[in-house]
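Novice: Sequence:
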Amino acid sequence: MQDNKKHWVEELFSPHFTADDFLYQTFEPDQLASEKLAEKRAKTVEAIYHSVLQKTHEEEKVKRKAFLSDIIVRDYELSPPEEMRVLHDPATEQYGACRSCGKVNLSSSANNDNRCIWDGNDLNILRHEINRSQAENARLKIHLDAGNHEASELKEKNSKTVQELEDVKASLSVSKREDKCKNVLITQLQRNLPKKDAAIQGLRKDLHGKCVEANGLHKHLAEAKEEIQGLQLKNKDLERELTNLKRRQELTIATLEEKLKLKYHLEICKLHREIQTAKDETTSEKLQHARDLNALDLLRKHFSALSTNDNLHFAQLDVPPR
Numbered sequence: 232m233q234d235n236k237k238h239w240v241e242e243l244f245s246p247h248f249t250a251d252d253f254l255y256q257t258f259e260p261d262q263l264a265s266e267k268l269a270e271k272r273a274k275t276v277e278a279i280y281h282s283v284l285q286k287t288h289e290e291e292k293v294k295r296k297a298f299l300s301d302i303i304v305r306d307y308e309l310s311p312p313e314e315m316r317v318l319h320d321p322a323t324e325q326y327g328a329c330r331s332c333g334k335v336n337l338s339s340s341a342n343n344d345n346r347c348i349w350d351g352n353d354l355n356i357l358r359h360e361i362n363r364s365q366a367e368n369a370r371l372k373i374h375l376d377a378g379n380h381e382a383s384e385l386k387e388k389n390s391k392t393v394q395e396l397e398d399v400k401a402s403l404s405v406s407k408r409e410d411k412c413k414n415v416l417i418t419q420l421q422r423n424l425p426k427k428d429a430a431i432q433g434l435r436k437d438l439h440g441k442c443v444e445a446n447g448l449h450k451h452l453a454e455a456k457e458e459i460q461g462l463q464l465k466n467k468d469l470e471r472e473l474t475n476l477k478r479r480q481e482l483t484i485a486t487l488e489e490k491l492k493l494k495y496h497l498e499i500c501k502l503h504r505e506i507q508t509a510k511d512e513t514t515s516e517k518l519q520h521a522r523d524l525n526a527l528d529l530l531r532k533h534f535s536a537l538s539t540n541d542n543l544h545f546a547q548l549d550v551p552p553r
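In the numbering used here, the protein residues as written are 232 to 553.
Because the hints were derived from the structure by calculation, they are not lab data. One or more hints might be untrue.
Under the rule of at most 25 angstroms between Cα atoms (straight-line distance), these lysine to any residue pairs were calculated in the SDA-like manner [what the hints assert, rightly or not]:
{"hint": "1", "residue 1": "K271", "residue 2": "K400"}
{"hint": "2", "residue 1": "K267", "residue 2": "V405"}
{"hint": "3", "residue 1": "K286", "residue 2": "E397"}
{"hint": "4", "residue 1": "K274", "residue 2": "S390"}
Take the sequences, apply the hints, and build the full model.
Specialist: Here it is, written out as structure tokens:
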């Protein structure tokens with residue numbers, strides 16, 4: 232019987248949903264105003280977060296570009312490219328210029344007094360343009376490397392940002408599911424509210440009856456307290472009488488003890504005297520007994536001496552002793 236009986240909480244707040252409603256969400260409850268406000272706030276916070284993140288990335292990008300530009304300019308000023316040093320070599324200038332002129336017959340150099348089709352100004356202009364193009368290519372290559380490095384960093388940050396955004400979305404979805412479950416619970420509680428109100432009214436009636444009963448018990452308790460106070464006064468009177476009786480009894484007992492002590496003392500003294508008298512008599516009897524023993528010993532010796540003499544006399548007469 233006790234196992235089939237429901238708990239009072241289950242009877243008072245009877246559930247109208249199961250665990251599957253929370254796990255699988257078979258229905259969509261109406262969204263409350265508080266939930267809408269919370270969702271709006273979450274979206275606002277998310278927008279602010281993304282805007283701040285974008286501004287931060289832009290500022291970092293500008294700073295990184297300025298830093299890389301300073302590095303490029305400084306490296307270019309301190310160490311010019313290897314191609315420029317090679318082009319400034321006098322041994323290779325003439326060879327490069329002659330090769331750049333196109334299909335030139337090298338065997339005709341003897342007929343043209345070992346002179347090239349390019350004059351000195353053309354070579355200087357060509358050398359300057361080549362140096363400028365190579366420097367530009369080196370600068371562009373450095374910019375390309377820096378851009379690739381920045382792109383890799385941005386990809387990493389983008390992946391991290393995407394992961395963070397996924398985490399935020401996951402947490403937001405979890406929060407939404409929790410809000411939905413809470414809304415379901417609130418809806419169920421609102422549906423059960425009339426039953427709860429009826430139960431509360433019944434409990435209030437029971438409470439009123441208990442209060443009336445408690446008032447009656449308080450009255451009985453006050454009467455019992457008055458009776459207890461009267462009994463306590465009587466108890467105090469009885470305690471005083473008992474104290475007086477104890478005192479009188481103690482005096483009587485003390486008097487009797489003194490009388491008994493005196494009586495016993497007299498009897499003890501009498502017994503001591505009788506004991507002393509008995510001791511004296513015993514001592515005198517012992518002395519008399521000792522004297523009697525001595526006399527008896529003397530008589531025994533005397534008679535033994537007489538018997539010895541008679542035996543000798545009879546022996547001389549050859550008369551056997553009787």
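Novice: Now tell me if each hint is right for this structure.
Specialist: Going down the list of hints, with the structure as the test:
no. : hint        : in the structure
1   : K271 / K400 : 15 angstroms, holds
2   : K267 / V405 : 16 angstroms, holds
3   : K286 / E397 : 20 angstroms, holds
4   : K274 / S390 : 22 angstroms, holds
In terms of the numbered hints stated before, the structure departs from none.
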